[in-house]
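Put together the whole structure using the sequences plus the hints.
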Amino acid sequence: MSLVLEGFLNTVALTLLSFAGALVVGLAVAVLRIVPVPLLRGVGATYVEVWRNVPLLAWLVLFVFGLPEVGVKMPLFWTAFTAIALYEAAFVAEALRSGVSSVALGQGEAARALGLTFRQSLRHVILPQAGRRVVQPLANIAIALTMATALAGVVGVVDMTRAAQRINLELARPLLVFTGVGLCYLVMAAGIGFGARALERRLA
Amino acid sequence: MSSTVLFDVPGPRARIRYRAYAVVGVVAIAALLAYVVWRFVDTGQFEGRKWSWFEYKQIQISLVEALGRTLSAFAVGAVLALLFGAVFAAARLSDHKWVSTPAAVVVELFRAIPLVIMMFFFYYGLPSTGIKLTAFTSVVLSLMLYNGSVLAEVFRAGINSLPKGQSEAAYALGMRKTQVMVLVLLPQALRAMLPTIISQLVVLLKDTALGFLITFEELLYWGRQIGGQLQFGRPLIPTMIVVASIYIGLCLLLTWFANYLEKRNRRNKKVIHLDEDKAKQIQLGEASTAAPAGGAAL
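So the sequences go chain by chain: Y and W. Heads up, the first sequence is in this note's numbering, so the first residue is 178 and it goes up one at a time. Heads up, the second sequence is in this note's numbering, so the first residue is 806 and it goes up one at a time.
No lab work stands behind these hints: they were computed from the structure. Treat the hints loosely; a few may be bogus.
Chain W side only, calculated, beta carbon under 10 Å to chain Y, not exhaustive [as the list claims (entries may be wrong)]:
no. : residue
1   : 822
2   : 827
3   : 831
4   : 844
5   : 845
6   : 848
7   : 920
8   : 923
9   : 931
10  : 1041
11  : 1049
Every residue gets a Cβ at the ideal spot worked out from N, C-alpha and C, and that includes glycine.
Structure follows, in C-alpha cells:
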C-alpha cells in the first residue's frame, strides 16, 4: 500500500514540478519568438522544432542513461524532471505564442498608435487578453504532461506506472492493475480539465 | 496578430541595439552549446571507437529494419486512427442519443489514458484472458485508440465550426443526413482541418517510440540496444544522436507536407477559412502527449 502512495505522490510531484518548469522555460522561449531581434527569433524556433520533434521517451533515455556517461550526475527524479520540463516547454511556448497571435490585430495597432512601447503594449494590452485564451491549451498540455510522467516510470522513477508494474508482479492480475492505474490518470486529467474551466470562467 | 505590429521598423540606433542583443544572445547560446560539446569531447563521445559501429553492414541493415518497423507501425496506426476518428466523430455528431453518448464516452476515455498504460494493458494484460497480441499489434491498437480519439475530436470540431448555412442549404436541397455529412460537411471540414490532422500524425509518429517499452523493435529500441554494446564502448550518445536526427527529419518532413497542403489550400477557393485560432488550439492542446501524452507525448 505504501508503494501505491509513494507512486501516486511521485506522479503528482513530478507533474506539478515539471509543469512549473515548463511554464518558466516555455515563457522564455515564447518571448524569444516574438522579440524584434530576428536572430533570437530563430533561436526560439529552433528550440521548439528540436524538442518537439523527438519523442519524449528518446529524451528520457538520452538524459537518464546518457548524462552519467558525460559526467553529469543527478538523482533520477530530477533527471526525469529536467527532460520532461524541457520537452513540454516547447509546447508551452507554442501555446503562448499562438495565444499572443490570436489577439486581434487592431489591439496591437491601437496600442502602438497610442504611443505605447513594445513592452508596454505587451504588458497592458496584449498579454491580459492572451492570458484568457491560453488557459485551455495550457490545460491540455498539463493533461498531456500528467500522462507523460508515466514515461518517467519506465525509466526507473517510482511513479504510479512503476508502482503498478511492481504490484502486478506480486498480484499477477495485470488487467485489474492496469485498468486501475488508467482510471487514476483519468481522474487526474478530469481534475485538471475541471480546474481549467473554472479558471477560464473567472478570467473571462 | 503578427508580432510585427508590436514594434516599429528599427531606426539606426535601434538597429545597433538589436545587433547588440543578438550578439549577446548568440554568445550565450554558443557558450551553452560549446559546454555540451566540450562535455561530449571530454568524455570521448566523438572518439572513433564509439562511432565504429556505423561501419558494420549488419548494424546498418538493422538500422534500416528498425526504421522500417517504426514507419510501418506509423502507417498502419495512422490509417486505423483516421478511420477510428472518422467513425467516432460521425457517431458523436449523430442525432440519436443512444449512438452519440457511448461514442462520447469512448472518445473521452481513450483520450485520457496514457498510451503506455494501454500498451501494457494489451501486451501484458490481455494474455491473462487468453488473447495473445504481438508487440506490433499492441502498439498499433493503442496508437489507433489514443490518436483516433483525438482525431475524432478534431473532425468534430472541424464540422462544428463550418458555417451553419452549409448544412441548412444542403437540407434545403433535399439531401438526407448521410448525404449532407458525406457530400457537404466532411470534405470541407477535412480540408480545413488538414494541418491539425497532420500535426496529430506527427504525434502518432513520435508515439511509435513507446513500442520500445513493450519490446517492439523500433528505432528507439535499436538505439538503446546498439548503444549498450560493450565492444563499441557503449556508444549510447552517438546512437541517440543518430536516432534523434532521424526522428527530427521524419517529423519535419511531415510538418513541411502540412505547410505545403495549407498553402495549396489557401489558393483553393473552395475552402472555407475557419477561425484559425480554434484549429490551432485543438492542435496545440492535443499535440503534446507524448507519451502518453501522452504518451503523446511522446
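Per-residue hint verdict: residue 923 (chain W), partner chain Y, C-beta under 10 Å: holds (8 Å)
Hinted contact residue 822 (chain W) with chain Y - closest CB pair below 10 Å: Because about 9 Å separates residue 822 (chain W) from the closest Cβ in chain Y, which is inside the 10 Å limit, the hint holds.
Interface hint compliance - residue 845 (chain W) to chain Y, C-beta minimum distance less than 10 Å: It holds, given that the least Cβ distance between residue 845 (chain W) and chain Y is near 6 Å, below 10 Å.
Interface restraint verdict for residue 1049 (chain W) against chain Y (beta-carbon cut-off 10 Å): Hint on residue 1049 (chain W): holds, closest Cβ of chain Y at ~5 Å, below 10 Å.
Residue hint residue 1041 (chain W), partner chain Y, criterion CB-CB below 10 Å: At about 5 Å, which falls below the 10 Å cut-off, the nearest Cβ of chain Y leaves the hint on residue 1041 (chain W) intact, so it holds.
Interface hint outcome for residue 931 (chain W) [beta carbon to chain Y under 10 Å]: Since chain Y brings a Cβ to about 8 Å from residue 931 (chain W), closer than 10 Å, the hint holds.
Residue hint residue 827 (chain W), partner chain Y, criterion CB-CB below 10 Å: holds (4 Å)
Restraint satisfaction for residue 848 (chain W) [CB to CB of chain Y, less than 10 Å]: Since chain Y brings a Cβ to about 5 Å from residue 848 (chain W), closer than 10 Å, the hint holds.
Hinted contact residue 844 (chain W) with chain Y - closest CB pair below 10 Å: holds (4 Å)
When the least beta-carbon distance from residue 831 (chain W) to chain Y is tested against 10 Å, hint result: holds (6 Å)
Restraint check, 10 Å cut-off on beta carbons, for residue 920 (chain W) near chain Y: Where the cut-off is 10 Å and the nearest Cβ of chain Y is about 7 Å from residue 920 (chain W), the hint holds.
No hint from the list above goes unmet by this structure.
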